Amino acid sequence: MEELKKLAKELLENKTVAAVIGYQQVDDKRTKPIIVTTPEDASKLVFNEYCLNNLAVYLTKARIKNLAKQNGTTLKLGIVAKPCDIHAIVALIQESQLKREDVYIIGMNCHGVVKDYGMDFSGETLATKCTPCDSHKPLYSDSNLGEVKDTPKVSDEVLEKIQAVEKMSHKERFEYFKKEFDKCIKCYACRAACPLCYCQRCITDKTVPRWVESSPHSRGNFSWNVVRAFHLSGRCIGCGECERACPMDIPLSLLNRRMTETAKQAFAYVSGRSLDTPTLVGSYDVKDSDELFM
Amino acid sequence: MKIGVFICHCGENIGRTVDCPRVSKACQWLPGVEVSLDYKYMCSDPGQNMIKDEIRKKKLDAIVVGSCSPHMHEKTFRKAAVDAGINPFLVEIANLREHCSWVHDDIDAATDKAIDLVRMAVEKVKRNQPLTTIEVPVTKRTLVIGGGIAGIQAALDVANAGYEVVLVEKEPSIGGHMSQLSETFPTLDCSQCILTPRMVEVYQHPKIKLMTYSEVEKVEGFIGNFTVTIRKKARHIDESKCTGCGLCTTKCPVKKKAFNSFEENLAYRPAVYVPFPQAVPNIPVIDETVCTYYKTGKCQMCVKVCGREAISFDQQDTLVTEEIGAIIVATGYKLYNIEKKPEGSMIKGYGEYGYGKYKDVVDGLQFERIASASGPTSGEFKRPSDGKEPKKIVFIQCVGSRDDSKGFSYCSKICCMYTAKHAMLYKHKVHDGEAYVFYMDIRSGGKMYEEFVRRAIEEDGVKYIRGRVSKITEKNGKYIVKGEDTLASMPIEIDADMVVLATAMIAQTEASELAQTIGIPYDKYGFYNEAHPKLRPIESTTGGVFLAGACQSPKDIPESVAMASAAAAKAMVLFGSDKLEREPVVAKVNELFCAGCFLCKKVCPYGAVEVKEMKDRNGVVYKEIAYVNEGLCQGCGTCTASCPSKSIELAGFNNEEVFAQIAAL
Amino acid sequence: MKVGYFPGCSQTGTAKEYDISLRKVVEKLGTSFDEIKDWTCCGATSAHVTNHMLASALAMRNIMLAEQQGLDDIVAPCAACYNRLVVSQHETMTQPALKTEVEAVLDTKLNKEIKVMNLIELFQKIGKEKISENKTFDIKNIKAACYYGCLLVRPSSITHFDDAEQPSSMEELVELAGAKTVDWNYKVECCGAAHTLARRDIVLDLSKKIIDDARDHGANVLVVACPMCHSNLDMRQRAMKRAYPGHKEFPVLFLTELLGLALGMKEKELGIDKHTIEFNYKELAAEKAAV
Amino acid sequence: MSDKNWEPKIVAFVCNWCTYTGADLAGTSRLKYPTNVKLIRVMCSGGIDPVFILKAFERGADGILVSGCHPNDCHYNAGNFHARRRWTFFDELLEYLGVEKGRLQFSWVSASEGKKFVDVVSKVVNDVKEMGPFKSYDELNSEFMTKFPDMPEIDKNMIIKEEEAV
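Protein chains in written order, with the working numbering: chain A, -9 to 284; chain B, 999 to 1663; chain C, 32 to 322; chain D, 36 to 201.
Read the hints as simulated data drawn from the structure, not as lab findings.
All of these numbers come straight from a predicted model, not from anything done at the bench.
C-beta: ideal position from N, C-alpha, C; glycine also.
Be aware that one or more of the hints could be misleading.
[Claimed, not checked] Between beta-carbon pairs, the in silico distance windows are:
hint: 1; chain 1: B; residue 1: GLY1385; chain 2: D; residue 2: THR63; range: 57 to 63 Å
hint: 2; chain 1: A; residue 1: TYR107; chain 2: B; residue 2: ASP1614; range: 36 to 42 Å
hint: 3; chain 1: A; residue 1: ASP280; chain 2: C; residue 2: PRO127; range: 18 to 24 Å
hint: 4; chain 1: A; residue 1: LYS51; chain 2: B; residue 2: SER1407; range: 56 to 62 Å
hint: 5; chain 1: D; residue 1: LYS67; chain 2: A; residue 2: ASP280; range: 26 to 32 Å
One chain only, chain A, in its complex shape (with noise of 0.2 Å):
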């Protein structure tokens, strides 16, 4: 934790980066993201099991970006990141919404963190995206810094109601997302907390033509959600914001993690693993299966 803080100091002391965004704690079981510009600041970073947003959202924001742009010259952005997180930062540099040299990474050593503010960090409590997580330090980073702890061994909850919804029967699925999807109430908090949900206008907001009927009935629900796993399909590197942001409890992780599994299995591509490899929407492979087509 010190050592965070001392980092952190020297970082915009030294100007190598011109803000730092991390973590707040707020109290004993509650942390909220801070964006420190200011050595003084520093102080104030924290990380432990209750750090569980994702910051790297924020490095796509216009706002956040500028801060970097300092009397012409531009500087780094810190960033306080969760192996998990990196994920998210290794996709967007892919994705060309973020250069490598933009971005100054404080890759922490992680055990997992809580499902939600104001629980005790236990197995019981740990938060769903990490049951499956193998990244407990971080693949990029520029510097890496706290202790590596065992993570609690809970089983896999996401997977299994996945299994689940797959024994019923097609009817009954679609009743099934029916009914969930219908709580959506269109308030797009899910696509505002998703790092990966960058677009300057979204393909629901574009309305000639109409894409996706954005009044709040069952059809335009289906569609929206149905679009958003979509786009997300192959690239969503699984930190569960949209879940957790989502108002309505739509188990969306449901839908994100299903087709994270059908890019591992038929493409063997796990998102935001690698800087080296293409993406895997944007690329092709000679040899992809042709076993869909008649």
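Dock chains B, C and D against chain A, hints included.
Below, chains B, C and D without anything else, positioned relative to chain A:
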């Protein structure tokens, strides 16, 4: 918007199953339709005049023609519309013939469908934007890939018309397979005698830039405006100094390390070599893999004997870029080597024929070298194993061709003819020899071809046996050929001294890689696809890329030459004007909303999407977005479907137009 | 290591010595067999030409038993059994209609594909190097013509084993055991086994050609991996002598017997004394020395 | 099927160069197939957006075919390869969400495969006939129609009505 609907009966073709008057009547009431008419032949002059008159009279903005496929008469109706003052892209075709009347029987159902199709077209045309055709300049230079007879012919034709040609050949000399042949069917004239003058003509032609021992590495750009990168492999001989005296090749001490590929591995060649005496250019190449100098740093015999100091061991590959307007692909074929089984497959290969195991079982090209006066045996028939004159030769046709289970389904086309030629050449020289040919069918379509085969059978006494060979075994220096004579329904065994396999002609090893480099489609065998099997056999589907010779499918010499001249003519058609017109079906980026994820750039098959910097009024870059180079874009629309925020649209097929069609379902 | 074993009918009768030598060699190389309990005919009888359904069901019954016994792979030392099992399994598993029918007959569901191995694949699985490692007796005077017959390598699109026309996997094993091999023509030719009862004249003609070609190419022993081949090539030589005066006897060994010799076992131990044509390595070596 | 006269509505999104031309060939060869299918032509299978599929379902399509050039035979070299990846995801997603496999089908039909086009189209029509009307999506659609009765839609019946009026 005022739309005119014109329903064509196409004589009886549409009218028989689609009630055209009912269609035109129903379409009258479609929102936006001003006039709806039907007529016997819309594409005829009166039909077109009817359209023009209606456009002028009713001041129509757009028209829909319910007729045959847009691939047939779209151009006709667009022209009519232009004549009457409408933008050609405000014309839509509803395909009532190929997609409706011809494929359905029930008049009511077909008429209902026809109405639906017209309605969809009406909805689309309402959203169509007027577009103007794009003009691009043309570079009047041709790249010919492959210096075999097809490439030579194409290069000479284009050059003789006064246009510059770059001829690229991957081997050290041009000439291709034809230079390896002894005599040619059906005239039995000497292959080299007719070929070498053309090779020399290429070499001396002021308009032809000959690049041998070179390969095409990269092709960028589009019709009329290609930029081609060519790798000039290091010969290790300074071409400007070498006189072609050949002293280095005779003095090279490396004698038996490398097979002579020109002699089809029936002889050896030194480390510094000219593929064959008539090679063009007559400049040797040093084979790094066997040269003693590259292994030990010693020897340098060639350096010592060369009076011109032309040997250059440290010469490196160089990359040359050329600006090209048209590309003629003439990369030819190779023979199926039945010895080697293609990887991962157990069923292919012909182990039962023992090729590669038995020295006297040879393929067609090896036999050409044995028969050739300039070959390793100086034209005397000697078998490779012991140099004895074979008294009995068995020729087996269709080895690998027309064989679904072990080889390829297609017919290699030339084997019937060259096998007859082989047998004939053999009989002419070895009068007491016996020649047997196992065949499936004799396919001898062509001028004087059938007569040629008959001559082999009737005058030269070649014995033709209709049937397949099951196995070749070796016994006491003889090859026991077991087969079946299907006409006599008898198993047959021949103890031959030598066996010649007419193996299949297949695509070059790296045919598919080159296709991907150039960007042309190929079939499952690796042969390049023509744009249309009947009406566009010379063009590839990529604009400005033409095909010549056996790279497209197995062919004999006259056919390859004809195709080469046709490809040359196609290139010259392109050069006939200074500017090219092309359809304005290109993608366009909405700069306001593009988030710069560049997925469009990743998926674009043509590299047409570029990065554009958006600057504010102070000249500071505030974002990078995608930009479509209209010249490069071919209008596939893959980018539009990929764009997550729908900030890129394809003119002529934009999303609104598609949605309108869906909505009209 | 434990491997499933499907002996097949020949192993219990005419080719008992094949069974004996196989078990001994495998044991010596540190592997044991888990015999399929209650195995039945593989279907390679006349069943597969008269009743396709019966032939498939017979073969699949054995596969089913192997699955129930928890086996992942089984070896069928008889080439005919091997062929039948492999082909039936392929057909049943790729033809849903046939699968349903077979499952109905067997009254069970067929869930997994069992890897069926022939004799050579068995040794490849055990580890070829084990042969040379455990070799104790020098058999360098054997010049073997390896005979694969028709069923071991065909149809290659299903068996995916070696080159159907120019196979070489058996030679590799024989050479590892210390014997020499010859390159010859009749490796995969028909021995006539299908006609063994009805048209003995054909059998004699075909089998004699095989033996003669082996001898012509310098071999002194034929090595086989199939009890059918063995009975035709070994047992028919007396009849061959009557039909072709001047025919010289030629020993035919099972691959397992040859390996057994190299691993230090005696002829009698391996059951070689049961053959029609006698074989004794010492005599062979002495003959060779005399020449 | 409760309604014997029910005929499915099938849409095919096809590329201009292969499948559309293949369908032309089916016509030229006078091969027959059901009238249920209507083609929407785009330049390349790579240009077919998955949202088109949703839109078609919203317009009451009971089955959809997506078809392009065979791999390696794409007029644009690689459009179909990108399409293949895209559809692998979309197909999995829709099936997971409860859309039966046969509702959305895919094929490669080349310009010379008129017969294959007919086979593919007939298969889709038969599969969809067996599955019956797309009830699940119809529910979504009818809910929409009751909630928003005034939404402008191009109604097929409109033509007939006006025709009768005349």
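Verification of the hints:
| no. | hint | verdict |
| --- | --- | --- |
| 1 | B:GLY1385 x D:THR63: 57 to 63 Å | holds, 60 Å |
| 2 | A:TYR107 x B:ASP1614: 36 to 42 Å | holds, 40 Å |
| 3 | A:ASP280 x C:PRO127: 18 to 24 Å | holds, 21 Å |
| 4 | A:LYS51 x B:SER1407: 56 to 62 Å | holds, 59 Å |
| 5 | D:LYS67 x A:ASP280: 26 to 32 Å | holds, 28 Å |
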